[in-house]
Amino acid sequence: MLRTKLAELFRAILSELVGEGRLPAEVLQIPIEISDPKNPEHGDFACNFALVASKVSGMNPRALGEALAEKLTANYSSILTEVEVAGPGFINMRIKPEFVAGYVETVLTPDFRLESASRVAHPLKINVEFVSVNPNGPITIGSGRGAAYGSTLCNVLEAVGNTVHREYYINDGVNSEQMRQFAESVKAIIEGRPVPDKGYKGDYVHEVAEKIATKDQTIDWYQEQSQKLMLDAQRSVLAQFGVEYDTWFSEQSLHDSGMVDAEIDSMVDKGIADYSLTRTKLKMAKGGRIEDVLFETQKTDAEEEDEVNLDALIPTPIPIAEPSMAGSVADPDPLELLDPMPDHITTLDEEEVDREISEGSPVDNDGVTLWLRSAKLGDDMDRVLRRRDGRLTYIASDVAYHKDKFNRPAGTDKLITVLGPDHHGYIGRLTAVVAAMLMAKPQVGEPLIDDIDAKLFKDSGEKEACEAALAEAKRRLEVQIFQLVRFVKDGKPAPMRKRDGNIYALIDLMKEIGVKLKPEGSEAEQLEAGKDVARFFYLMRSHDTTFDFDLDLAEKQSDENPVFYVQYAHARICSVLAKAEAALGAAKAPNLSALLVHDREKALIKKIVDLPDEVRRASEDYGMHRIANYAIELARTFHYFYDGCRVIQEDQPELSKARMKLCEATKRTLKTTLDLLGVSAPEKM
RNA sequence: GCGCCCGUAGCUCAGUGGAUAGAGCAAUUGCCUUCUAAGCAAUUGGUCGCUGGUUCGAGUCCAGUCGGGCGUGCCA
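Number 472 in the working numbering belongs to position 472 of the first sequence; there are no gaps in the numbering.
Hints may contain errors.
[Unchecked claim] Below are the BS3-like pairs computed for lysine-lysine, each with C-alpha atoms no more than 30 Å apart in a straight line:
no. : residue 1 : residue 2
1   : Lys228    : Lys215
2   : Lys671    : Lys518
3   : Lys125    : Lys403
4   : Lys211    : Lys511
5   : Lys125    : Lys270
6   : Lys602    : Lys671
7   : Lys684    : Lys516
8   : Lys38     : Lys71
9   : Lys125    : Lys414
10  : Lys96     : Lys602
11  : Lys286    : Lys455
12  : Lys579    : Lys602
13  : Lys5      : Lys125
14  : Lys474    : Lys463
15  : Lys198    : Lys215
16  : Lys511    : Lys489
17  : Lys403    : Lys414
If you are wondering where the hints come from, they were derived from the structure by calculation, not from laboratory data.
Could you put together the complete structure from these sequences and hints?
Below you can see the structure in the form of C-alpha cells.
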C-alpha cells in the first residue's frame, strides 16, 4: 500500500521531469520498484530507479538520483521527511510517521477490507480446480498438500479482487476400469467372497461394503453406491480440513448430456481430430525444440486379428499414477509410495481385455482409432480420443469439461488446475485439449516450406489456426504443479502406509496430530488443532519444492512449533487487550503518530502495512508460502514489540491507548492472515 | 532420450537483479514481585554445487556441467 503510493510519487515526478525536457520520454516505460532496505540506516524505503534508468536517461546514476531526490523533496515534503542519494545511486527515503500511522487507523476502520488495499488493476474471473482424486479411496496425506494449497490460493486470489470459483472434478465416468474394480471388490466382500487378487483391499473398502450390505445387485449398482459413499467421505474430510467447493462436477454428466459427442464432432469438423491410421510423434531436442516429426502407422482391428497380436490390445499397464495426485512419499520405493491406492489392480489380464472388448462398445468405430492431433497443439504426440473398441478416453471428456468450466463463473477468463507431481506430464496434454476446444476451423492456406512445419501441418492456414489456439490456451489455462511431501518422524522418513498396510489418510494425520496436542480435548478440538497444524505445515514451504513434513515438530505443543508461535501472538494480544480495557477503558485513537515512535512500534506498524503487498505478490507468483512466512514474521515483530513496549501503563493513559490501537491493528492483521491460510486464530491458549 | 523440481548454516527452509545473505530447529548464555516465558535478547555457525556469460551490480537472469528427487517414451 505504501509502496504503491511511493511508486505513484515517482511516476508523477518523472512525468514532470519529462515535461520539462530534462529526461527522455522512454524513462516512463521503466517499471518502478520500491524496496525495503535491510539496513535501517538506509531509511524506510529505497528506490533503485536511478541505477536502472541510467542508460536510458543518458545520465550517470548519481546525477539522475540527485535530480529525482530534489524533485521529491520539493513536491512531497508532506509525506517524506528525508530523501537522500546513497551509494551508487539509491534513493533512500524516510516517511513521515503521521503518514504511516494513518494506516493503522485505516486497518481499524470497521469497513476495512484487505481487498481494498491489495486489489489488482484488472480483476479476473477464475475457475480453480484442485484435489479431484478418484472416488475410490480416501483423501491421502499426499492430496493434503493440494487441498491446503488450492484452498489458500483461492482465498488469496479473492483477496486481491478476483472472482473465484472452487471446483472439484469427479472422475466418475462409467467406463473407468478402476471404478469397476473398486465396485467388484466391494461386491465380493458383501457376498463373502475373497477380494480379487488385484482388487482393492484396504480397510475403507470393508467400511464401504458394510454400509452398502445389500446382496444380489448388478455391478453397475454397486459401482454407483460405493462411489457415492467414497465421495461423501471425501467431501466430509475436506470440509474438516477447511476446504469447501462451489461445484462438485461429474464427468459422467458430460457424457449423459451429449457434450462429449458434440465436442468430438466439432473437433472432427475442424480437422484437429481424425481417423487416419497414422500417429504423429515429435522427437524433442533439448530446450523443447522439435527435432523431427515421426509417423507411426496403426493397424485396424481386422489386421490385428489376423496377427492375433494380443499385446497390442492390452492397454499399457494401468498407470499407478491414476488415482493419485499423490504428492507424497516416504519410503525408498517411489512407485509404491506414489500410489495412495496401493492395493488396487494395476494390470489387466488377457481375459479381462477380452471382456472389455466384447462388452464395452457403445459406439463402434469399425476398429479404427479416433485421434486428437495434439502434436499440432504443442503436445509431444497425438492422443487417442476414442479407442478402436469404441470406448472414449478420458481426454475426450476433458475437452468437453474444459469447455464447460468456462461457464463457472460465467464469463471465466482463466482456468487454474492444481495437480500433483506425478501429473506434470499432463500440462502439455491439457493445454492441447483446451487449444483444440478453442480452435477455429482453419482456412485453406499456402503450402509450407519449412521441413518440420510441412511434415506437421497441411498448410499455412492450419498452422496459423493451431498456433493461435495454442497461444490462447496458454493464456487461459494455468497448471500449477505442487511437489512431493516427505513425512519425517524420529528423524527418519515415515512410511506413507501404516503398519497394517492401510494408506495414510489425511483424516488420520489430523487426528494423530490433534491427539498429541490436545490429549484432554474433545474430538472436535483435536481435529481442529490437527487441521491448523497440518495446513500451516503444508503451506509453510513453496509448493514448487519438495519438503519434509516434520511430524515430531508438528506434534509438539511448544515454542518450537511455528503454528503455536503465530497463534500465541494472537491469543496474547486478546489477553492484553481484555486486561487493558478493564484498566483503562476502550482504546481510542489519540495522536498515534506522535505517540508511537519507539523503534519496535515503528517496526510493527511497517510489518502490518506490508500485508497487502505480500498478498498481491502471492497472487502473482502463486507462492502461498509467502503468507505463512508473513504470519511468522508478523508474530515475531509483535512479540518483539510486546517485550520492549509495555501496553498498560496507568500513569501514561494516552500512550497506553495508542498501543492498544496498535495491538488491535496487529490482531486484525494476524486474523486476516490466518484466515487466508485456513488456520484458526484462538483468543486464548 | 526428453521434460519438471531442487542444490543457500550441522538439519528443515526463506530470500522482489541491489547495499553487511536471513529465520526456525539443534548448541551455549542471560531475562518473569508488573500486560500469557507457547515469549524476548545475546553468542556460535556460510567457497549460496561447479565453470563461464549478461549487468554499474548475480544466491537471484542466461548457457554449460555435476549431484539429488519425480515424471514420461503407443490406445490411463
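So, going through the hints one by one against the coordinates:
1. Lys228 / Lys215: holds (17 Å)
2. Lys671 / Lys518: It holds: about 22 Å lies between the C-alpha atoms, which stays within 30 Å.
3. Lys125 / Lys403: holds (15 Å)
4. Lys211 / Lys511: holds (23 Å)
5. Lys125 / Lys270: With a Cα-Cα distance of about 28 Å, the restraint between lysine 125 and lysine 270 holds, given a limit of 30 Å.
6. Lys602 / Lys671: Within the cut-off at roughly 20 Å; holds.
7. Lys684 / Lys516: holds (19 Å)
8. Lys38 / Lys71: holds (25 Å)
9. Lys125 / Lys414: Given that 30 Å is the threshold and the Cα spacing comes to 7 Å, the pair holds.
10. Lys96 / Lys602: holds (11 Å)
11. Lys286 / Lys455: Status holds; Cα separation ~20 Å.
12. Lys579 / Lys602: OK: lysine 579 and lysine 602 at ~23 Å, within 30 Å.
13. Lys5 / Lys125: holds (27 Å)
14. Lys474 / Lys463: holds (16 Å)
15. Lys198 / Lys215: holds (22 Å)
16. Lys511 / Lys489: holds (16 Å)
17. Lys403 / Lys414: The hint holds at about 12 Å.
When the structure is compared with the earlier hints, no violation turns up for any of them.
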